[in-house]
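Trainee: Sequence:
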Amino acid sequence: MNSKRYKIKETVDIFISEDEQENTILLTFHIMTTRDRIEIKTNKNVASFIASLDGEKSIDDIIHSMGNLRLDEISKLMEFLLNQHLIFDVENKENDNLRFSRQITFWDDFVLDRSGKETQSILENKKIVLFGCGTVGAKIIEILVRAGINNATLIDYKSMSASNAVRHCYYRDEYIGKPKVEALSEFLTKINKNIKIHTSFEKLVPNSDLSTLIPDDADLIINTCDEPYIGHTSLKLGRYAQSKNIPFYVAGGFDAHLMSSGELIFPPRTPCIDCAQNTFSKALKEWKPVYSMVESQPSTSLTPVQSNHYIPGGPGGLAMMSGFSANLCCMQLLHFLLDDSAFSYNNHRHEYLPNSGLMTQFELVKQNGCKICNG
1 MNSKRYKIKE TVDIFISEDE QENTILLTFH IMTTRDRIEI KTNKNVASFI
51 ASLDGEKSID DIIHSMGNLR LDEISKLMEF LLNQHLIFDV ENKENDNLRF
101 SRQITFWDDF VLDRSGKETQ SILENKKIVL FGCGTVGAKI IEILVRAGIN
151 NATLIDYKSM SASNAVRHCY YRDEYIGKPK VEALSEFLTK INKNIKIHTS
201 FEKLVPNSDL STLIPDDADL IINTCDEPYI GHTSLKLGRY AQSKNIPFYV
251 AGGFDAHLMS SGELIFPPRT PCIDCAQNTF SKALKEWKPV YSMVESQPST
301 SLTPVQSNHY IPGGPGGLAM MSGFSANLCC MQLLHFLLDD SAFSYNNHRH
351 EYLPNSGLMT QFELVKQNGC KICNG
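Using the UniProt record's numbering, you'd call the opening residue of the sequence shown number 1 and step up by one each time.
By construction, these hints were calculated from the structure, which means they are not laboratory data. Hints should not be assumed to be uniformly reliable.
Claimed, not checked - DSSO-like cross-link-like pairs, simulated, lysine-lysine; straight-line CA separation at most 27 Å:
#	residue 1	residue 2
1	Lys-4	Lys-76
2	Lys-127	Lys-190
3	Lys-244	Lys-196
4	Lys-236	Lys-196
5	Lys-178	Lys-203
6	Lys-193	Lys-117
7	Lys-178	Lys-190
8	Lys-236	Lys-158
9	Lys-57	Lys-76
10	Lys-76	Lys-9
11	Lys-57	Lys-4
12	Lys-203	Lys-190
13	Lys-76	Lys-44
14	Lys-117	Lys-7
15	Lys-244	Lys-203
16	Lys-244	Lys-127
17	Lys-366	Lys-244
18	Lys-203	Lys-236
19	Lys-193	Lys-127
20	Lys-117	Lys-57
Said to hold, decoys possible - Beta-carbon label-pair distances, calculated as ranges:
#	residue 1	residue 2	range
21	Glu-39	Tyr-229	46 to 54 Å
22	Asp-339	Ser-48	32 to 40 Å
23	Val-166	Arg-37	39 to 47 Å
24	Asp-19	Pro-268	41 to 49 Å
25	Ser-163	Glu-39	50 to 58 Å
26	Ile-176	Asn-368	24 to 32 Å
Think of the CB as a built atom: it goes at the ideal place given N, C-alpha and C, for glycine as much as any other residue.
All chains, please: the whole structure from these sequences, using the hints.
Mentor: Quick look at the structure:
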């Protein structure tokens, strides 16, 4: 190690405060990407040593120039700085992955189990199954593919329409009439030409054979299918996922919860899907969705549309609301997919309330007597 050259990471700011009475130095490391802060109390010699880690001088050079450092203390200090990802070996810094260079830099600070390059490789090998290629689902899979996902399965039964121009991130005029799974697949391939995408133009119904839709080696199933109701589709998918030991995620952004995150279902680490549903049932026992009937379908055409009893499909929303929800979901999804030992399985659904500017939190809990959750 002593012949190697190390440098403080560009994403780390160091603030120094001196206590003259105790003759000590407080070093505060601010990690800009994650907003984490690490403090160590030390002496002037150690502070000077750390300041000398400029990538030009070797450890031997620094020790020789300072002359008053103990090798055992320096070894422990270097081990600490490396384990906390505060410094790096300049000879190993080469990163030929220009596409993900900034993301890899973030992983370096975010996941302390391994290098950012190794973490990126783990992410790229994950296989994702998405049910529902609507506004939220499409944005989620777009974010994951941009992050490096190379294998995805898309399931949806709808086709593109002109009304999708408002909120669907992958809308194009030429996609109108095309199955959403095909349109989204084409869109994702333009982001990553090497991605492998499997599509199923199929509706999820009570008797759907999920074994024909979900590969056994899937790393994550994401549900954004909210028809007839996301609670019903999640029960079917969640129970199947549990039988296959596949992590399952119920996305937010549906009905009145247009700016909410979702919840990861992976028992026994989290509540099972039935316990999650029971948590919601108890909290929302007095609430029932209501849909309004109108006499004619909205149209931008000057020619009246002769269509009675059109159902708008629930509460209205904006593209930015769906985008917010998808991004909020992906913060948890990406962290989970990185296989980070520090990942928290605490299961909370977060929701932003636009009128008040508040972020609420709702906890899903394991129910008493559940054999799946409580063994």
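Trainee: Indicate, hint by hint, whether the structure satisfies it.
Mentor: Hints, one by one, checked against the model:
no.	hint	result
1	Lys-4 with Lys-76	holds (16 Å)
2	Lys-127 with Lys-190	holds (19 Å)
3	Lys-244 with Lys-196	holds (22 Å)
4	Lys-236 with Lys-196	holds (26 Å)
5	Lys-178 with Lys-203	holds (15 Å)
6	Lys-193 with Lys-117	holds (21 Å)
7	Lys-178 with Lys-190	holds (17 Å)
8	Lys-236 with Lys-158	holds (20 Å)
9	Lys-57 with Lys-76	holds (19 Å)
10	Lys-76 with Lys-9	holds (19 Å)
11	Lys-57 with Lys-4	holds (8 Å)
12	Lys-203 with Lys-190	holds (26 Å)
13	Lys-76 with Lys-44	holds (17 Å)
14	Lys-117 with Lys-7	holds (18 Å)
15	Lys-244 with Lys-203	holds (21 Å)
16	Lys-244 with Lys-127	holds (15 Å)
17	Lys-366 with Lys-244	holds (20 Å)
18	Lys-203 with Lys-236	holds (13 Å)
19	Lys-193 with Lys-127	holds (16 Å)
20	Lys-117 with Lys-57	holds (25 Å)
21	Glu-39 with Tyr-229: 46 to 54 Å	holds (49 Å)
22	Asp-339 with Ser-48: 32 to 40 Å	holds (38 Å)
23	Val-166 with Arg-37: 39 to 47 Å	holds (42 Å)
24	Asp-19 with Pro-268: 41 to 49 Å	holds (48 Å)
25	Ser-163 with Glu-39: 50 to 58 Å	holds (54 Å)
26	Ile-176 with Asn-368: 24 to 32 Å	violated (51 Å)
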